[in-house]
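Asks: Those protein sequences? They're chains A and B, same order as listed. With the working numbering as the guide, the letters of the first sequence map in order to residues 1 to 98. With the working numbering as the guide, the letters of the second sequence map in order to residues 1 to 601.
Lysine to aspartate or glutamate pairs mimicking EDC-like chemistry, simulated, CA-CA at most 20 angstroms apart:
hint: 1; chain 1: A; residue 1: K63; chain 2: B; residue 2: E240
hint: 2; chain 1: A; residue 1: K63; chain 2: B; residue 2: E451
hint: 3; chain 1: A; residue 1: K63; chain 2: B; residue 2: E457
None of these hints come from the bench; they were simulated from the model.
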Amino acid sequence: MAKRFVPSSIPMPIQVELFGIPRQRAGASEVELDAQDLGTLLVKLGDRFPQLEHVCVEGGRLKQGYLANLNGRQFVSDPETILSNGDAVLILSADAGG
Amino acid sequence: MTDVPPGYHGRYLRVELSTRRASDVPIPPDVLRRFIGGSGLGTWILLQETPDGIDPYAESAPLLFVFSPLVGSPLTTSAKFVVLAKSPLTERINDSLSSSHFAIAGKKTGYDAIVVVGIADEPTCLVIDENGVRYESAGEAWGLSSAAATEVLKRQLGAGFRYAAIGPAGENLVRYATISHDGRHAGRGGMGAVMGSKRLKAVAVRGEATVSYHDANGLVEYSKRLSHESFGPATAKYRELGTAANLLAFNRLAVLPTRNFQSSTFAGAAQLAPEALAVTHEKTRASCAACTIGCEHIYQLGGQQTGVRMEYENLFALGPLCGIAVPDVVLAASQLCDELGLDTISAGASIAFAMECADRGYLAAPELRFGNGDVVLRTLQQIGHREELGDLLAEGTRIAAGQIGYDAADFAPHVKGLEIPGYEPRALQAMALGFAVGTRGADHNRSGAYEVDFSEEYDRLNAGEEIVGPAIEKEDRAALMDSLILCKFLRGVLTDYYEDMAEMLQLVAGFDVTAAELQQTAKRIVTAKKWYNIRQGWTPEEDTLPKRFLTDRLPDDSGPSAGAVLSAERLQALIEAYNVARGWEPTGFVPDRSLREFHLG
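Okay, chain A solo, but in the shape it has when bound (with noise of 0.2 angstroms):
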C-alpha cells in the first residue's frame, strides 16, 4: 500500500462500515470518522465504540480474528495505512467459511 504525506490539519472524513461481530458489538453498521492512516482510524473507533476496544481493536491495530478493508478491495493492517477523503473502511470478522 503507498504511503504519502499528508498534512495533519486537512479534515479526512472516512466512513467505516462494520460487520459480522463488530457490528453486533457495536450496535451500529456505520460510523463516519475523521482519520488519515489506518491506525487513527481504529483508535478513534474504540473511543466512539468502548465495546470494540480490547476486543475487536487495541492500541490502533485490530485483533486478531478481525480484517480491515480498504473501500471492498483491498486487505489492510498496517496502521500507516494512509486514508484518502472518501475512503470506505470496511471491518470484518476475519473467519469466512459457511
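Following the hints, complete the assembly by docking chain B onto the known chain A.
Replies: Below, chain B without anything else, positioned relative to chain A:
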C-alpha cells in the same frame, strides 16, 4: 489385535446387503497412522473396495461411514463422521461430513468404519449393535423424511439407537440427495442417492465398545484447555450470528453469487441477513454433541413448532442465487430441503440455473423466474419426488445442461458436476483455483482458498502463481482436519495447526508424529483422492470452471468486483502450477514416484 493403536478399533465392518453377510476387516496399524481416520482413512478404504470405473449405483459400489480416533474423546467438536462413496453427481470421489451422536454411537459399535455394499431386496434399516448386525424392514419408514422415518424406526427398534437416514430424495435417486442425522446432513455429492440405490433407508447404531487413550490424563487436560479457548473471540461469529453472517460482508465485497452467478451483489441481502432475521423471527441456538462452539442458529417459521437451521450456504443458494429476497421463502425452502433430503447448494443452484434457462427461452416454463418464491418451493417438491421439471433438475446442472442443449453448459454452475457454493470465483480467484482442482468438485469445505483471497498479501481479482502455495496449504489443512476429524470452525482457535494436531494424535493414539509428518499426511490424503479419481476415469479437462467465469466479466455495477474475470489461460496456468507444486505431472496425473512415496500403488 494387540497392535491396534489407542483410539482405534483396528477394523471395519463390511456389510453385504444382497446376501445379508457381514464380516470384520482388519485395518493395518500403519494405514491408520498414514491416513488417520475420517476422510483420509475413508479414501484408503474406498481405494481398496471400489472397482475401477464402477457405476455409483452398482451392486458392488461401496458406501462408507467412517469415524476417527478422536470420536468419543473429550476433544471439543470431535463427534463427527464422514460418508464416502463414488458420487452419482460427479462420478468422482465424494466425502461428506456430518456430526453429533451418530458418530459417537457408531464408533461404539466397535468399528472404525462401516462399509455397505450390495442392494437390499426391500427397504431396509441396517442395525448394528452389541448383538451384531441385523436387517430390519423399513417399509413403514419408506417415503418419509429422514426425521419422520427416524421416529418410526425408534418405535420399531426400541431405545438407544442413533440413526442416519435418507428422505424421499435419496429414495428417488436425486443425484444430490443427503443423508441426515438429527437435523444435520452429509450434504454434498449425493450420498443419499447411493444409499437409496441400495434400498437402505437408515443405518441404526448402538454399542458399548470403548477405546483406550494413550495419555488419558493428558488428553483431559488438553481438552479442557481447547474447550476454554473455543469460547473465545475466534469462534464468536459462529456462536453469535452463525455462518449466515457472511451474507452482508460478501455482498459488500461483491462476491455474493446472485441470479445464477450473473452478478455478485444482491439488493435484497439486508432483508435476509441474520441480523435482520433475528429481529423478525424467534431464534434459538443448538450444538452438535461434544461441541462447545454452538454454531447452529435455528429460526422459527411462522406457526410451526420446529425451527429451521439457517447457514450461509442455504441462505445464499435459496435466496440471492434464485433472486429471492423474502426471508420466509428462504426459511421454508431450507426446511423443505431438510425434509426431502436435498443438498441446499445443489438444489438452489439447479433451480437458479433453470430460471436462467427459462429467461433465455431454453425451457418452456413461464413462471420459472428469478424472485418467484412459490416456484422455488414447488420446484423443490418436484425435484425431491422427480416429478415434471424436477425430474430433469434432480440430475444436477451438468446433466440437465446436456439435455437442455443450446449453450446451457456454458452457464451451468458446477465443477465436475458439483454445484458451486457461495463464493463468486471471478472475484475470489484463489478460490476459483480451489474449485477447479477440487477432487469432489467445486467445494468450499475441501479448499479453504477463500482465506487466501481474504488476505492482504494477494489480489483476489488478479491471482497469479503466488497464490498456488497458500491455496495448497489451505487444502492440506482441510484434508487433515477432515481426517482427525475436527470441526473447521475450530481452526481459528488452534495456534499452530500441525503442532496442535500432532499433540492431539500423540495423546489419543500414541503416534509420535511430528508437524512435518502430518504435513506429508495431508499431501498423501489429497493425492490419494486424486488417485481414486484417476482410477475412476478422471481427465485433465475436468479441472476447469464453466465458460461463463472465464469469458463474462462481472457487471459494472458489481462494486469493488466490477469487471472481474479469470481468463481460461490464467486459470490453466494456475492449475498447472498447482499440479507441479503437488509433485504431480503438469497435467494433473499422479506419477509413479508419488504413488510409491505415498504407498498408493
